[in-house]
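Chemist: Take a look at the letters that make up each chain.
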Amino acid sequence: MSTDLVPLAVLMFAVTYPSRAIGLLAAPAVDRLPRRALEYLQLVGPAILAALAAVNVMVTTVDGRPSFTVGLAWLSVIACIAIVAWRRNLFLGLGAAVAIAIVGRLGGLP
Amino acid sequence: MSLIAFGGAAQFAAIGFVASGLAWSAIVLLTLLLNLRHALYSAALAPWFRGRSLLERAVAAHLLTDESFALAIAHFRRVGRFDAIGYWYPAIATTLVPWSLATFAGVMLGDAIVEPRRFGIDVIFPSAMAGLMVGLISGRRELVAAGAGAAIGVGVSLAISPTIGVIAGGLLGPLAGLMIPGAEAAANEGPRAP
Chain U
4 MSTDLVPLAV
14 LMFAVTYPSR
24 AIGLLAAPAV
34 DRLPRRALEY
44 LQLVGPAILA
54 ALAAVNVMVT
64 TVDGRPSFTV
74 GLAWLSVIAC
84 IAIVAWRRNL
94 FLGLGAAVAI
104 AIVGRLGGLP
Chain W
19 MSLIAFGGAA
29 QFAAIGFVAS
39 GLAWSAIVLL
49 TLLLNLRHAL
59 YSAALAPWFR
69 GRSLLERAVA
79 AHLLTDESFA
89 LAIAHFRRVG
99 RFDAIGYWYP
109 AIATTLVPWS
119 LATFAGVMLG
129 DAIVEPRRFG
139 IDVIFPSAMA
149 GLMVGLISGR
159 RELVAAGAGA
169 AIGVGVSLAI
179 SPTIGVIAGG
189 LLGPLAGLMI
199 PGAEAAANEG
209 PRAP
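Chains as they are written, first to last, in the numbering used here: chain U, 4 to 113; chain W, 19 to 212.
Don't read these hints as lab results, they were simulated from the structure. Glycine included, each C-beta is placed from N, C-alpha and C at the ideal position. A few of these clues could be false.
[Stated by the list, open to error] Just the calculated beta-carbon pair ranges, DEER-fashion:
id: 1; chain 1: U; residue 1: R39; chain 2: W; residue 2: G39; range: 44 to 54 Å
id: 2; chain 1: U; residue 1: G110; chain 2: W; residue 2: P199; range: 17 to 27 Å
id: 3; chain 1: W; residue 1: A37; chain 2: U; residue 2: R68; range: 11 to 21 Å
id: 4; chain 1: W; residue 1: I131; chain 2: U; residue 2: T72; range: 18 to 28 Å
id: 5; chain 1: W; residue 1: S71; chain 2: U; residue 2: G110; range: 14 to 24 Å
id: 6; chain 1: W; residue 1: G98; chain 2: U; residue 2: G111; range: 22 to 32 Å
id: 7; chain 1: W; residue 1: G157; chain 2: U; residue 2: V9; range: 37 to 47 Å
id: 8; chain 1: U; residue 1: V73; chain 2: W; residue 2: D101; range: 34 to 44 Å
id: 9; chain 1: W; residue 1: G124; chain 2: U; residue 2: R39; range: 22 to 32 Å
Using the sequences and the hints, build the whole thing.
Modeler: This is how it looks when you write it as structure tokens:
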């Protein structure tokens, strides 16, 4: 196994860690934030997770150009959302999402 | 790379860029952009980490991922306070260890899986993110923030790039949520003083 990429991993850590630490290391200063800012922070989680999921299934990049895409992954994600909302069980939702993808692709869907 | 950089999306991207011969400086810059969303996670978790030691917060920061953030913040909101196991268990037992083992397995056995899409592997990440998001929806504000985050994320992704789109969705989505008059003002359900 090659270790050629270890220096790259260290560089990636060096640019990633500050983003991860900036809020947590400033935690004591959070008390001084206005209430509206705290409300904003509480909404970051749903917004960014939704953005991650939506961008992942709706946008594909071909030759460096992003384009809108419709595919079986939409159905998988929607099924997962419905099952998690209904049964409060993420594993069940993920299982259904994967099953839909496998069956759909066996049936020739993109 | 999984232990040092520990960033799923950035690792995926980096491997693709390395394979395509992109310069390391460009890969590092793209990693920075791709992982900027962690600053939002970090800021959102900060109120719950009030009173924790600097060392604990510093180590927690390294283990902050999409998954550990979503699981931990949902747990904190459910119990109404910081809970050490509620952070370290998802960060280590359900993210770091499985990710590292799976990466190792992928290096060793990856060639055997000719077409991962046939096994639905490509839908696991977006489905997990969406499922984890559902756990954070407790009222109209969160719902609007999520919907706006998704719409803005896709729109900006198409106009600029997916990396910028995700960050834009995470930054601007909550502003839409704040426009909803909040019976459930999130600050009221924030952490109790440790």
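Chemist: Checking against the hints above, which ones are violated?
Modeler: 2, 5, 6, 9
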